[in-house]
Each structure stands twice: as C-alpha cells, then as structure tokens.
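*Asks:* Each chain, letter by letter, is given below.
2 protein chains.
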Amino acid sequence: MKAHYVRPLDLRHGRVDLNHGAGGRAMAQLIDELFARAFANDWLAQGNDGAVLPAPAAGERLVLATDAHVVSPLFFPGGDIGSLAMHGTVNDVAVMGARPLYLTASFILEEGFPLADLARIVQSMAAASRSAGVPVVTGDTKVVEQGKGDGVFISTTGLGALPAGRELGGALARPGDAVLVSGSMGEHGMAILAQRESLSFESAIVSDSAALHGLVDALLAAVPAVHVLRDPTRGGLATTLNEIARQSGVGMQLDEAAIPVHPQVAAACELLGLDPFYLANEGKLVVVCAADAADAALAALRTHPLGSDAARIGTVTADPQYFVQARTAFGGQRMLDWLSGEPLPRIC
Amino acid sequence: MKAHYVRPLDLRHGRVDLNHGAGGRAMAQLIDELFARAFANDWLAQGNDGAVLPAPAAGERLVLATDAHVVSPLFFPGGDIGSLAMHGTVNDVAVMGARPLYLTASFILEEGFPLADLARIVQSMAAASRSAGVPVVTGDTKVVEQGKGDGVFISTTGLGALPAGRELGGALARPGDAVLVSGSMGEHGMAILAQRESLSFESAIVSDSAALHGLVDALLAAVPAVHVLRDPTRGGLATTLNEIARQSGVGMQLDEAAIPVHPQVAAACELLGLDPFYLANEGKLVVVCAADAADAALAALRTHPLGSDAARIGTVTADPQYFVQARTAFGGQRMLDWLSGEPLPRIC
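First to last, the sequence lines map onto chains A and B. According to UniProt numbering, the first sequence is numbered sequentially starting from 1. According to UniProt numbering, the second sequence is numbered sequentially starting from 1.
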C-alpha cells in the first residue's frame, strides 16, 4: 500500500531536517521517494524492520563484514561516499573468498544537508550496487543536529557465501610464499588528499574505488589455494602487509622497484613528502600464495580489467620479528613499519 | 600472534585521537586492548576483514536488520548507547520471528572523546551481548575531527535465522485481528527527554531498553500464527500502528484506557504536553494476531518478566483510509495520526 504525501520531496532545493530522522511521516517519505526508489528490490520492498533472505547453498558458510564510511570530501574524482560505501564492504566480503550477496546501509545525516547532494550520493550508491550485482536489502536513517555530524556518514554491512573447503585468512602466509598486488598503489588516498588540499595536477588523480569480487573470482578460479587476500585500504600496502606478517608470524621481503605506482601519484607523493605505500587503495588486492602458483595467479589477475597492472612484489620470509622490509632502487634496505606519525584521517 | 605496544592504552585519562581511526598501530592497539577484550569471541579473534560463520540449519532462511544509533545523551537511566545499539538490532531481528545469531558493530568516534567513556560504552555493549547470547563478530572504527561528530555513533547489523514456515510481517494484519502490547508505553523516550531537559521527578524514569528475543520465543511457542510483530521505537506506538495499517491496508480501533502507561510517564507527558503513544519504546512488542488466539498470546507474554504488563489494546478494522483511532476515557474518538510536528530527535 503506497502512502500519499501532500507534496513530493523537494530533491532540488530541500534540505535534511530533524523530521527526516524522527520516525514519522517525513521519514517515511524520504525512504519511499529517495532510498526505496534508488535501491528498488524485492527485499527492500518487504518494508519490515529487517529483510528475509534465502539461505546459502548447502555446504556454504556465511561471511559478515562491516564498515563505517566518513570520507571527506564526500565527492572526489572517481567516486563519492555512496559508491565507496558499496565497494568498501563488497571488497571486505570478497577478500574472505566469499561471494557478496546482500548489503545493509545505515545513514547518519546532518541537519541542513542539501537533499540534492543526498540524492546524488544515494543514486551513485545504487548504481554501484546494480553494477556489482549486490542489492541493498535493508537500511536505516538517522539525523543529527547541524554541527553534530558532517553531511553524511554511511555504515554498510555485507553478507556473503563462502564455498565449502575455501580457507583464506591473514594468518595463512608461509615463508617462501609469493606476495602480489593487483595494480598500482596509492590512487585513492592521493585523490582524496589532492581534493582536500585543492592541489591541481596536469590531470586529476582518480580514486581506484571499485568492486573487486569479479577480480577475486578470476584469481580463485585459476589458483584455488591462495593463502591470503586483502584490500590495502587505510594505512596502505605497508600497513596491510604488517597486519598479515603479525597474524601469520612471518616477515616480508619486498622489491620496491617492482611495486607499481602511477607516475602522477609518485610525483604528488614527492611533492607532499608522502610514501605511496602508506596511502589507501579502494580497488586493489594484495595476494599471498605459494611461490609455484605465483605465475598462474599473476596471469589470472592480468586477464581482468582491474588487474592489468598486477605485479609480483616480494616474498614471505621466516622472521621472528615480523619485519616488512623493501630493497630500494639504490640497493639498500628500508623498513616498512606500521603507519604512524601524521594520520591521514577520513580517507574512507 | 599478539602485537607489543610501548605503553598500554590509557583508558583512564586518554582521549580518542585521529590516529585511532587511521589504520595504523594506534588503531590496532585500540582494537586489541578495548574492543577485542570486551567482545572476546572466536569470530572476532579471526582478525580478518570479515567473520566466517556457520550456515543456518537446513530449511532456515536468513534475516538481516541494521540500525544507526545516535542517541543523545550517551548515558541515560536504564542504559547507554552501547546497550541500546545491542538491544535495538537484536529486537529488529527478533520481531521478524528470527533467532538473532550475530551482530556487527561500526563505531564513529569524535576526536577528543574520553577513552574512559568509550570503555564504559563498549563494556556495557559487551555485557548486553553476553546477556542476550548474541556475539559481536566483526566491527570497524572511524574517527572524525572534533566538531564533526558527537562523541560516539554506533551502527549495528544483526543476522538471524528464520525457521521454515514462519511468516510474520507488517502486511499481514487482517480485519478482526487483536492488537496487543507487551507492556507500558513511552518509558525510553521519556527517560531520554527527562535526562536531556534535566527534569527531575520523585524517582527517575528508566528506559525500558531490553533484548526481546526471549519474550518473542515465549509468544511464538504459544501462538505460532502471530501475524505481525513490531517494536514501537521512534514515533512510538501510534506511528508503528500507522505503519502496520498502511502496509496491511487496514484500520485500527484502540481502547485508550487499555493501553498501559506508567503513572510517572503519564504525569511527565502531562507536564510537557506530550502524548505517550508517540514516545519511543526500546523493550516492548506490538503483537497482531487472530482474535481467537489473543488470550493465549496475552497469557504467554505475561509468563515472561518483560511481558508482565501485557494488554489487549484494540482491534484491526476494515478501513479504506487506514485510520488508527482510539476511544478516549471520556467516550469520544480521537485519531492517532503519524508522528508529525515537533520531532524528538536522537532518541535512539
């Protein structure tokens, strides 16, 4: 049964007000005329406090992953908080080796935020959802007073199905394993920083934000026995490798010259005194697999448009101190420690 | 493998800083020393980007529900944002008729927020999780700059298992059905308002925040064919009944004198010019069932401590305008429309 509202929502000049989160008719209208229309699917149309979903196939386990998204600015070259919230959580499910099935979304809106911007974000998120084939099946909307939020925050949770027998995890790297990346490092982080600092380059640096489950499928079809998959987001490649090293109780020896970095990102890093290996990625994989499977993994990654610049960047070592080190272009060694010092907040 | 930090987290005098959300060592320490310790379970200990969970039993479907929690103040009589975030989402899963299995939690923290307060919230949430028997299996933490948030926001997503053949939903109310509530209306909303406005009463009005899955179990064991279950949160009883009326294409006729309201809540409403039927509840059920099952349903609710004040409050009617009406104590009729006018923001 559809409700009738006196006037349609003014998506051109209207603004978010406290009524949009208060549970009454204004909230119902925002949900009907914006969210439900953009994300249209049968589960959302159930209109209950939760979505009823079919069970996974026999033998499959479930994977749950969640992320809060607070990126600032909300719009950036290559995406916005809506597409990022979709991709970020689809990727967290995909790197567990699972097939992403459904997403939930909860929005925290700031009073006064333009409905036109909200509509742009929701439509971008809906487009990313359709393109990934992962529907947003239930959601929630809250509104906080002006000055108590920052436009829009979006938390997404993903549910996926993990095939029987598939075991991936950060604790499964073994000395001798090969370390691969699916492409160049640092584009998302630098796109956000450049936008935030109003830096202009000859051509804009574009976020790599993308849904990675297709790339993961291509990889695991070729090399089912991948040991670790991760998407190197906050803290970048260096921090992600340190997490894996700590979880697995191993070290890593990288070859810095082998790690792909877009020349514009390298130049911007030089200018800003930043290290691209600490910048966030939102559409890249780190892969750890047995050394004898590395060539097949690399070939599989390169067959997919999102993996065309895939590279083998190093080796897992036996190291009781779990150090991640890189041979520099000049033949020296440098430590890639965890991210520390100046934080780069609100990158995702 | 455990990491070693130079100094333990200062949970007494420390404050949230941007490093706690930046993905590096400070974030890892916050997760290790606060979140992982409080929520300790095997799934969280997997330490990956998502949690791997067993599939539900054969024949069961899945239920997903999500909520953003932005309640202000963060601490109130009867709970805090931590226990509320747990109960709110467990209840959204339970009112679908499903057994709540797992929760995810994403935190948006404001720079400068005292770690002692955060620890209190996380420990309260963990206690609510243990008491409900629903573990927090994966999570995320982000930090926003001072003045861009409001202490703590928590989004939770619940996954539940729905037994074969069970069908509950807002669209299933039929003319002639009985309408029941599990207890008195408006305590949560009034507890928050009283705290916010520094109202003092002879004794504090305490939020009814509670996990309802045990009460739902008791009810459905006695009356498997319940048509609709809802927890009347934002917008209160009146708004929830209007939602059901709209979804089912029916009206409702209530008996105002039959709707339980705690005398202190009634007095405070009188004082503030508020209607208790529009105040949020966080530990109450609305039940719609066949009229001939109403006595059994009421008896089942009353056997449970959370349902001791359960009451039959009205009847579903055939009404092409979907009106929710109440006979007043003076014999008149009044319309209970959707919540409109002054919003009561950030009640949950």
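Keep in mind that a hint or two might mislead.
[As the list claims (entries may be wrong)] Here chain B is said to cover these stretches of chain A; the calculated rule only asks that three of the stretch's residues, wherever they fall, bring their Cβ under 8 angstroms from a Cβ of chain B:
| no. | stretch |
| --- | --- |
| 1 | 54-67 |
| 2 | 150-160 |
[Stated by the list, open to error] Below, a sample of chain B positions facing chain A; criterion: calculated Cβ distance under 10 angstroms:
| no. | residue |
| --- | --- |
| 3 | ALA22 |
| 4 | GLY23 |
| 5 | GLY24 |
| 6 | ASN41 |
| 7 | ALA57 |
| 8 | ASN91 |
| 9 | LYS142 |
| 10 | ASP150 |
| 11 | GLY158 |
| 12 | GLN195 |
| 13 | THR240 |
| 14 | GLU270 |
| 15 | GLN325 |
| 16 | THR328 |
| 17 | ILE347 |
Hints were generated in silico from the structure; no laboratory data involved. As the structure is a prediction and not an experimental result, all values here were calculated from the model. All residues carry an ideal CB built from backbone N, CA and C; glycine is no exception.
*Asks:* Against this structure, judge whether each hint is valid.
*Replies:* Here is what the structure says about each hint:
By the rule of at least three residues with a Cβ nearer than 8 angstroms to a Cβ of chain B, the coverage given for the stretch 54-67 of chain A holds, with 13 such residues. Proximity of the stretch 150-160 of chain A to chain B, defined as three or more residues with a beta carbon under 8 angstroms from a beta carbon of that chain, is established by the 7 residues found. Given hint, B:ALA22 at the interface with chain A, holds; its Cβ is 4 angstroms from that chain's nearest Cβ, closer than 10 angstroms. The beta carbon of B:GLY23 comes within 3 angstroms of a beta carbon in chain A, closer than 10 angstroms, and the hint placing it at the interface holds.
Contact between B:GLY24 and chain A, as hinted, is supported at the beta carbon level, the nearest pair being about 3 angstroms apart and thus within 10 angstroms. Interface hint status for B:ASN41: violated, as the beta-carbon distance to the closest one in chain A is roughly 13 angstroms, over 10 angstroms. With its C-beta approaching chain A no nearer than about 9 angstroms, B:ALA57 sits inside the 10 angstroms limit, and its interface hint holds. Satisfaction of the interface hint for B:ASN91 is found here, the shortest Cβ-Cβ separation to chain A being roughly 8 angstroms, below the 10 angstroms cut-off.
At a threshold of 10 angstroms, the smallest CB-CB gap from B:LYS142 to chain A is about 5 angstroms, leaving the interface hint in force. Below 10 angstroms, beta-carbon pairs count as interface contacts, and B:ASP150 has one with chain A at about 4 angstroms; its hint therefore holds. Restraint check, B:GLY158 versus chain A: the minimum CB separation of about 7 angstroms is within 10 angstroms; hint holds. With a least beta-carbon distance of about 17 angstroms to chain A, the hint placing B:GLN195 at the interface is violated under the 10 angstroms criterion.
Interface hint status for B:THR240: upheld, as the beta-carbon distance to the closest one in chain A is roughly 9 angstroms, under 10 angstroms. Taken as an interface hint, B:GLU270 does not check out: its beta carbon lies about 22 angstroms from the nearest beta carbon of chain A, beyond 10 angstroms. Below 10 angstroms, beta-carbon pairs count as interface contacts, and B:GLN325 has none with chain A, the closest being about 17 angstroms; its hint is therefore violated. Against a cut-off of 10 angstroms between C-beta atoms, the interface hint on B:THR328 is violated, since the closest Cβ of chain A lies about 22 angstroms away.
For B:ILE347, the shortest C-beta to C-beta distance to chain A is roughly 8 angstroms, which falls under 10 angstroms, so the interface hint holds.
The earlier numbered hints that this structure contradicts are 6, 12, 14, 15 and 16.
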